[in-house]
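Undergrad: Starting from the structure of chain A, add chain B where the hints point.
Heads up: the protein sequence lines correspond to chains A and B, in order.
Be aware that the first sequence starts at 1, since it is given in the numbering used here, and climbs by one per residue.
Be aware that the second sequence starts at 1, since it is given in the numbering used here, and climbs by one per residue.
No lab work stands behind these hints: they were computed from the structure.
One thing to keep in mind: the hints can contain errors.
Stated by the list, open to error - Dumping the calculated SDA-like pairs for lysine to any residue here, alpha-carbon to alpha-carbon at most 25 Å:
id : chain 1 : residue 1 : chain 2 : residue 2
1  : A       : K55       : B       : M95
2  : A       : K41       : A       : D88
3  : B       : K78       : A       : Q42
4  : A       : K41       : B       : Q8
5  : B       : K70       : B       : V111
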Amino acid sequence: GAVVSQHPSWVICKSGTSVKIECRSLDFQATTMFWYRQFPKQSLMLMATSNEGSKATYEQGVEKDKFLINHASLTLSTLTVTSAHPEDSSFYICSARDSWREVSSYNEQFFGPGTRLTVL
Amino acid sequence: AQTVTQSQPEMSVQEAETVTLSCTYDTSENNYYLFWYKQPPSRQMILVIRQEAYKQQNATENRFSVNFQKAAKSFSLKISDSQLGDTAMYFCAFMRAGNQFYFGTGTSLTVIP
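This is chain A alone, in the form it adopts within the complex (with noise of 0.2 Å):
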């Protein structure tokens, strides 16, 4: 079946520092690639749609200079979060839409496992 892996799980971090979380496709190509953060027992917020080779579509709200999205290739996607800050602890979770898997009229679409961060 269709795997999105997440690297790292879970990482700590000073306040002021960089992070990148990876979204991977394991074994199926993604041109588009979703990214959503949710706070604790809240729901998932989307940020931003990443498209391999293009500048990601933020949501509104969202601060683009602040969370980097960078879609270099079929089968990875990568969020930076600049500058961190501990409002910016979250879990942060990707999904990636198989770009030739059709179900019905719309490409099928898989979570990957999260990214919890905590900024100290």
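TA: Okay, now just chain B, sitting in the frame of chain A:
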């Protein structure tokens, strides 16, 4: 803008009984998809069931079924013969044509032995 509302923050059900989780949504789009996802303590999102808006027939997947009322913009999930492994957070989600998901606030379901 799309909004998804789940009015039941927490629910519980006795093992082997049936429970229904509610979801309403608001959109001006005509072509879209609706989903129920399960998030156990591991935080991995697991697809439970999917419904295409253009289909009138309600989706079913083993013990899981939906009641899709397009005019009322309602999409409830029925879990039959509840099992202990069904204990999790359940999110209703709307997907627009661009494939972005918009999630509801979630319902925490506890199955009581």
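Undergrad: With reference to the structure, classify each hint as holding or not holding.
TA: Hint check results:
1. A:K55 x B:M95: It holds: about 22 Å lies between the C-alpha atoms, which stays within 25 Å.
2. A:K41 x A:D88: With a Cα-Cα distance of about 16 Å, the restraint between K41 of chain A and D88 of chain A holds, given a limit of 25 Å.
3. B:K78 x A:Q42: Holds - the C-alpha atoms of Q42 of chain A and K78 of chain B are around 22 Å apart, at most 25 Å.
4. A:K41 x B:Q8: Holds, at roughly 14 Å.
5. B:K70 x B:V111: It is violated: about 29 Å lies between the C-alpha atoms, which goes past 25 Å.
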